[in-house]
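*Asks:* Residues per chain, in single letters:
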Amino acid sequence: MPKKIVQLIFPQKLIKKPVIYTMALKCKVMPNVRRAKVTESVGEMVLELEGTRENLEKGVRFLTKQGIKVEPVVGDVIE
Amino acid sequence: MSFIKGLRCRECGREFPAKAIFVCEYCFGSLEVDYDYERIHGRLTRQLIESRPANIWRYRELLPIDGDPTVGFHTGMTPFYRADRLGHALGVKELYIKDDSVCHPTLSFKDRVVSVALSRAKELGFDTVSCASTGNLANSVSALAAHAGMKRVIFIPADLEMGKVIGSLIYAPRLVAVEGNYDEVNRLCAEVAARRKWAFVNINIRPYYAEGSKTYGFEIAEQMGWKTPRHIVVPAASGSLLVKIRKGFKELHKMGLIPQPETRFYAAQAQGCAPIVTAVQEGSDIIKPVKPKTIAKSLAIGNPADGYYAADAIRETNGWAAEASDEEIVDAMKLLAQTEGIFTETAGGVTVAVAKKLIEGKRIPRDESIVLCITGQGLKTQEAVADHIGKPIRIKPTLSSFEEHVKL
Ligand SMILES: Cc1ncc(COP(=O)(O)O)c(C=O)c1O
Ligand SMILES: [Zn+2]
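Going line by line, the protein sequences match chains E and A. Just so you know, my numbering puts 49 at position 49 of the first sequence, and the rest follows in order with no gaps. Just so you know, my numbering puts 1332 at position 332 of the second sequence, and the rest follows in order with no gaps.
Treat the hints as calculated values from the structure; they're not laboratory data. No residue lacks a Cβ here, since even glycine has one placed at the ideal position from N, Cα and C. It is possible that some hints are incorrect.
List of simulated lysine to any residue pairs, SDA-like, C-alpha gap at most 25 Å [stated by the list, open to error]: (1) Lys28/E with Ile1170/A; (2) Lys1288/A with Lys28/E; (3) Lys1334/A with Tyr1026/A; (4) Lys1391/A with Glu1161/A; (5) Lys37/E with Glu1161/A; (6) Lys17/E with Phe1028/A; (7) Lys13/E with Lys1362/A; (8) Lys1362/A with Met1255/A.
From the structure, some residues in chain A lie toward chain E, with a derived Cβ separation under 10 Å [unchecked claim]: (9) Gly1149; (10) Met1150; (11) Ile1203; (12) Lys1288; (13) Tyr1308; (14) Asp1367.
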């Protein structure tokens, strides 16, 4: 299944919400967190997302809509 | 002879072979070149360096190639001098300029990183090079790849200055103007890089490419008489130059070539794109990406790849960071030109303007050595100043017309 490696920047109001979990359920995307850092005002997470192409796009759209900045770390890895 | 030990993850420290890779497969942290310093120590001496030709490869043991360099034999060893007239204007005692506005061949410090990147890309077997650029990198990859006989595909934001577009096109790269800002160009390139076997100098070759910026720092130390300044103001886009100047100073010390550096690092950014300044001033560990809006287009990176490491270097050395408005940038470009005779591009205006601010705000003391990093050429960004420098005095070809109009 295709994978996507992304960096997420969370605004303060989303740090305490289970956004990744919700995205995983709603969009059928499997997240695999590799690195995370949280300060008082902002959170950062680097993770791998796995799913169908369509679901990956759906997942990224969902996160962006919540107010999370999504930056790719590398191009999509197709397997 | 190779002194490369391998690549090392900057986050988790895991080691990898020195191939065309740039992220750690475990934690996705970025990779950095590691050297066999024990073997370099003692072998690389001041005398050896000074005996070599005046280009970046005089420090070759500390640069990431296995064999002999193939690109950049005229790059580097740019002028470094005391800038007393600008120093007087800024009210400081000991000011120096490192002037890469005349770096060969494309008039910015990017010729350093690209010379290293292309030499390494050739060793790794690539015949096509590519990059995402805010302008100067595009010029440099276009020119040096032409000279190296490599195919070149260059991605730029569509709204770049004319000087930077022409300064690429003349070398006949495949120049792709993307309708978006640099961060969008970069994102696209990361995806293209996963599909094409090209050497993207600032993506899959980035660990090697970035090392080229150390030579800017090596030269400052050598040109100061094998020591480092107390303060250095560096323009920051991705933040890599700042981080690598510091790495360069540290390596020279480790090799026993200079005393312990006590240099404070200061980042200069434009007001419309200052994510590193914000992180430093807020004392934050995380860089918040921004949407750039500034005339300093070469510094318009809203999501800086090395932003975290730059902010960290600034904190560790007790430096600081500040931003300059468009108007301050133009004023500073004029000030540098009118005191030191250097026409720098907008990025240099950012550096001078921020230095002025830091001195006035007492962040930088007036009686200690300060180096300003001038990294690009003013002829490339003429539109930034065109409406702010007056016009020539137009006269008839007669003495009376001259006497009438020209008063000193
Ligand atoms: C003239 C000039 N100065 C400084 C920089 C900043 O370099 P870095 O991305 O290493 O921070 C750039 C980057 O494009 C540049 O073109
Ligand atoms: Zn790692």
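*Asks:* Work down the list of hints and note, for each, if the structure agrees.
*Replies:* Verification of the hints:
1. About 49 Å separates the Cα atoms of Lys28/E and Ile1170/A, which puts this hinted pair outside 25 Å; it is violated.
2. This hinted pair does not check out: Lys1288/A and Lys28/E have alpha carbons roughly 28 Å apart, beyond 25 Å.
3. Of the pairs offered as hints, the one joining Lys1334/A and Tyr1026/A is violated, with about 49 Å between alpha carbons and a cut-off of 25 Å exceeded.
4. Note on Lys1391/A and Glu1161/A: the hinted pairing holds, with a Cα-Cα distance of about 21 Å set against a maximum of 25 Å.
5. For the proposed pair Lys37/E and Glu1161/A, the alpha carbon gap of about 38 Å is over 25 Å, so the pair is violated.
6. A hinted pair counts as satisfied when its Cα atoms are at most 25 Å apart, and Lys17/E with Phe1028/A qualifies at roughly 24 Å.
7. In summary, the hint linking Lys13/E to Lys1362/A is not supported, as the alpha carbons are separated by about 36 Å, beyond the 25 Å threshold.
8. Our distance criterion of 25 Å between C-alpha atoms is broken by Lys1362/A and Met1255/A, whose separation comes to about 34 Å.
9. The interface hint given for Gly1149/A is violated, since its Cβ lies 27 Å from the closest Cβ of chain E, which is over the 10 Å cut-off.
10. Interface restraint check: Met1150/A against chain E, minimum CB-CB distance 22 Å, threshold 10 Å, status violated.
11. Hint on Ile1203/A holds. Least Cβ distance to chain E is approximately 8 Å, under the 10 Å limit.
12. Interface hint at Lys1288/A: satisfied, since its Cβ lies 6 Å from the closest Cβ of chain E, which is below the 10 Å cut-off.
13. About 9 Å separates the beta-carbon of Tyr1308/A from the nearest beta-carbon of chain E, less than 10 Å, and the hint is met.
14. Because the beta carbon of Asp1367/A sits about 36 Å from the nearest beta carbon in chain E, more than 10 Å, this interface hint is broken.
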